[in-house]
Structure formats: C-alpha cells, structure tokens
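Visitor: For reference, the chains in residue letters:
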Amino acid sequence: MRPFSFERAADLTHASFLGQGTGQGQTDADAQFLAGGTTLIDLMKLNILTPTRVVGIDALRAGNDSIDSGAAGLRLGAFATMSAAAEHRAVVEGYPVIAQSLQLAASAQLRNMATLGGNVLQKTRCTYYRDASFSACNKRNPGSGCAALQGVNRNHAILGVDDTCISQYPGDFAVALIALEARVELRGPKGPRLIPFASLHTPLNRQPHIETTLRPGEIITAFFVSPGAWNRRSVYLKVRDRASYEFAIASAAVALDLEGERVRTARIGLGGMAYRPWRAAEAEEVLTGKPLTEGSAQAAAAAALTSARTHGYNDYKPELARRTLVRALLQAQSMTLTGESAQNHAG
Amino acid sequence: MLAGCAAFATLGVPPVTARGSDEPTAAAGVPARVSLTVNGKPIDLTLDVRVTVLDALREQLQLTGTKKGCDQGQCGACTVLIGGQRVLSCLTLAVAAHGKRIETIEGLAGANGELHPMQQAFIDQDGFQCGYCTPGQIMSAIACVREGHAKTDADIQEYMSGNLCRCAAYPNIVAAIKQARDQMERG
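Taken in sequence, the protein lines are chains A and B.
My numbering numbers the first residue of the first sequence as 1 and each following residue consecutively.
My numbering numbers the first residue of the second sequence as 1001 and each following residue consecutively.
Certain hints may be false.
Computed Cβ-Cβ distance ranges for the label pairs, DEER-style [claimed, not checked]:
| no. | chain 1 | residue 1 | chain 2 | residue 2 | range |
| --- | --- | --- | --- | --- | --- |
| 1 | A | Glu259 | B | Thr1025 | 35 to 45 Å |
| 2 | B | Asp1126 | A | Phe17 | 49 to 59 Å |
| 3 | A | Lys190 | B | Gly1131 | 47 to 57 Å |
| 4 | A | Asp241 | B | Gly1131 | 38 to 48 Å |
| 5 | B | Ala1027 | A | Ser135 | 30 to 40 Å |
| 6 | B | Cys1130 | A | Arg264 | 28 to 38 Å |
| 7 | B | Ala1168 | A | Arg125 | 32 to 42 Å |
| 8 | A | Ser226 | B | Gly1083 | 25 to 35 Å |
| 9 | A | Asn47 | B | Gly1110 | 51 to 61 Å |
The calculated lysine-lysine pairs, modelled on DSS-like cross-linking and capped at a C-alpha distance of 25 Å, are [said to hold, decoys possible]:
| no. | chain 1 | residue 1 | chain 2 | residue 2 |
| --- | --- | --- | --- | --- |
| 10 | A | Lys45 | B | Lys1100 |
| 11 | B | Lys1041 | B | Lys1068 |
| 12 | B | Lys1151 | B | Lys1178 |
| 13 | B | Lys1100 | B | Lys1041 |
| 14 | A | Lys123 | B | Lys1068 |
| 15 | A | Lys123 | A | Lys45 |
| 16 | B | Lys1068 | A | Lys45 |
| 17 | B | Lys1100 | B | Lys1151 |
For the record, the hints were derived by calculation from the structure and aren't laboratory data.
Glycine included, every Cβ here is placed at the ideal spot set by N, Cα and C.
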C-alpha cells in the first residue's frame, strides 16, 4: 500500500471541504473518502487505487444512518450499514427487493462494515482491472486497451459495453434501486442536490475511467424510494456459482403492480450482466397492460437482452439472464401479500 | 495463546494520553496516535496510518490468535468484534478504529482459563482440522448467535458463509455453533 495522509472529517461540511480532491467521478482520484473501507482498502492493498489523501468519514455514521418509511416512501440514510438496512422491518416488509438484494450480498462481516453509500460505488471485480500486472486496462490506464476482450471474460458484462471496456458492475443493492427509480441525495461543497439514481453511474461512452457524475467533495447522504403499489410485490433473484457469499452471474430485481393477471406497472433491473446498474425498460414496456404469463415473461426477457454483446466465455449470459428474469417475474406474481388480505378484511 | 493480554506489559507502547483528545490525523509517512480498547484494556499506539487492525493486533500487540488468511477481505480468518459487531480486521485501518472497542479470540476465556462455550463446542464437536480459520470462525459464530442468526442449520450456513474453511470442517462447525447457541441462550 502506498503512503497517504489521513484526515478525519467531523461532519458533512468538513468532509466536503477535505474531500475536494475526490475528482469528477474518475476511478483513480487523488483523494478518497473512507467509510466502511471494504472496497477502498482492498484496492489500495493491490495498488490499484493509490490516493495520496484519505478522508475518514466514519464519524458521520451517527446522524446519517437512519431509515425512515412512511406515506412519502422510503428514506435510507447512506451511512446505514448493509446489515442494518437488510434487517430493518420497514424495508423487509415494504420493499422486499431492497432487503433481499442486501441480505444476499457479501458476507455478514462485510455487511456490518459497508455503508449503503459506499456499496453503490463499489468497483468492478474485473480480474484484469484488479491485477496491475495487466497493463491493458482502459479503466486504470486510459487508452491502454482492454485485456478482458480477448481474455477469460466469463464474468464480464454483455449490456452497456463497447470495445473499450466490458467490466461488470458487481453490486446487488444498486440493481434494486434502479428498478425502483430511487433518487440520491448528495452533499457537496456547493450544498445539497438530489439526482435520479439512474444518473449516478455514467454510461460507458468509451470512457471507462469516468464512473460517476459525483462532483469534487460530494458525498452520498441518502437514498429515496417513492411510494408505489409495486414496492411490496417485489423480488431480488440472484444466481451465482456458490450458494452464498458470491457475486451474481445473473440477477433480477422485479417489482410488480398487478390487477388480477394484468400488469399495471412493472419495474425491472438486471444485475451480473451490465457495465452499470441496469434498468430493463424494454422488458417493462412489453409487460405493461398485458397479462403476466410464462409466455409474456419470456417475451419481456427477450426484449431486455436484444442489445447484448458477448465475447466468448460469457456467451452463456443472455440465456441465463432471460431465464433468471422469467423466474423472478413469476416468483413476484405468486407472492401472497399479507397486508392486502388484512386491508380487505378491514374494508 | 490465551495468555496474550499479559504481553501488553512488555510492548513499550507510547505514553498514555488523554483518551479521545487527539483524533488521529497524519500527513503521509507521519505516524498517527491511535487509542483502542482491546479485550477490555485501553491501548495507545503510534503507528503508520496504513496499518490495519489485523497487523496492529498481531505485530504490535502480539495478539497472534487473529489470523491473516487472504488479507483481502475474502476468507474471514481475521474476524474480530469491533463495537460488538463482527468485522474483518484486515480491511479496517487502525486509525479508522480509533476510540473503538475490539474483542479478539484472546479475550474470550475467563479469568481462570475456562473456555467460552463456543471454544469448548468447537473442541467437543471436532469443529476444526488444521485450525487456522478457527479463531475467525469462533468470533464470527459468537456474533452469529448474538444476532439471532443461528436458529436453523440453513441460517447458520448462510450467516457463517463469510468464514471459509479449507479443511471443509463445515458440518462440525454447524454442530458446534448449535451446541454453543443452546448454552449461550441459557445464559
């Protein structure tokens, strides 16, 4: 690990001031915020991230980690740990896709350490990005090429990629957030702002070294999810190479509002599949207003994967993604919502 | 191994300062002062900001019960409790743990050397072979029971998945956790 200076922020204003070197969303900014550290310390040990300044923001957990749910929807403080959010009753009952995406991620130890804000900013697990002995990595060394294109790319992305980078966004929670049209509250040197979660991660655009739209010194302070009937009928289905403690090779976040068999609203995200957190808008369109059957689910899944580009070892992914999405849709459809029957009795 | 606390006297740790009065801040290459509570004892250290809790425990405090497996947050051998929560000490900078309470395998046994129920259960159920992952398994298992995640075999398997065992003693580890769980819950 390279030497760095360490400063500890006392509050958000102080943190934004100290963090003005965090850059414009590039991967290798000179200053890095340290909260849970589960991505940052790992990559600093590998000499992939070599900041000269680390700003500790652990002290900001208190006051920025509350989870509130009500008529206005769900607010997740970005300093809440993954484990706290995964087990929060309002999340488990009202937004199961979020609770499941967190509970199925990482390990108990990592979930105790990692904050929600840090989780959505986790770096790709691309083996060529994580190994500095491969010089060809446009994410690490812009303009150097991509070793994964001709390499062992079994766990590389097939959606949102171009010939500069096929690295995969590895997270689960972000897939649920993008499906539910979450918004992100940011706090920076110039004050707070609220942006759609879908605009936090930048499209590839032949610029894999620019990953987010965060401005210098900006910190994620909260996530908001609007109320909607689909939130409760929601599922996160994760397919992986071992039963637990593993990244997705395919996943689907599905939230449905049904009227009998007919789909009023479908919200769909795909994980283990794309360069960035991925919303399958084409699949949503296919389903909206139509009955949800195995046939229509298959049509939706086919629509979601039409732009897929594979590179050899990951040729299996489109079919796995389609099957994963079909299963998630049917699983969400078959959910029994206990609250609904209670309301009916009350009515 | 269980007498690790006695080693503190010989460490030559820096003079004790008013705890919490100096938050660790350091320029690159300049050592930082860090105050920790390790197994109930207040400790003040001066160390490079790159030092992890794992390396501080093993190399500065001679508490070598906590093991370094992968050193990349993938195996769980370095699991300790910080603030009562199980975490990976290899991915936690010591400066980031300033002011916090750390519990390690050396802190489990009683004053007279009587083993914690989880330690005894790993012996009774043959919950290890080479033993390298065992301190991490035991710390993780204690937290798993306290969290209420050890109610069923499936729960134990899921919530202990962050602790790898290359000898694959998994069935016996599950049996050990069930034995200790019942004792811990009785009190």
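Visitor: Against this structure, judge whether each hint is valid.
Guide: Hint check:
| no. | hint | in the structure |
| --- | --- | --- |
| 1 | A:Glu259 / B:Thr1025: 35 to 45 Å | violated, 59 Å |
| 2 | B:Asp1126 / A:Phe17: 49 to 59 Å | holds, 56 Å |
| 3 | A:Lys190 / B:Gly1131: 47 to 57 Å | holds, 55 Å |
| 4 | A:Asp241 / B:Gly1131: 38 to 48 Å | violated, 28 Å |
| 5 | B:Ala1027 / A:Ser135: 30 to 40 Å | holds, 31 Å |
| 6 | B:Cys1130 / A:Arg264: 28 to 38 Å | violated, 57 Å |
| 7 | B:Ala1168 / A:Arg125: 32 to 42 Å | violated, 25 Å |
| 8 | A:Ser226 / B:Gly1083: 25 to 35 Å | holds, 34 Å |
| 9 | A:Asn47 / B:Gly1110: 51 to 61 Å | violated, 44 Å |
| 10 | A:Lys45 / B:Lys1100 | holds, 23 Å |
| 11 | B:Lys1041 / B:Lys1068 | holds, 23 Å |
| 12 | B:Lys1151 / B:Lys1178 | holds, 8 Å |
| 13 | B:Lys1100 / B:Lys1041 | holds, 11 Å |
| 14 | A:Lys123 / B:Lys1068 | holds, 24 Å |
| 15 | A:Lys123 / A:Lys45 | holds, 14 Å |
| 16 | B:Lys1068 / A:Lys45 | holds, 14 Å |
| 17 | B:Lys1100 / B:Lys1151 | violated, 29 Å |
Going through the hint list in order, the structure does not satisfy hints 1, 4, 6, 7, 9 and 17.
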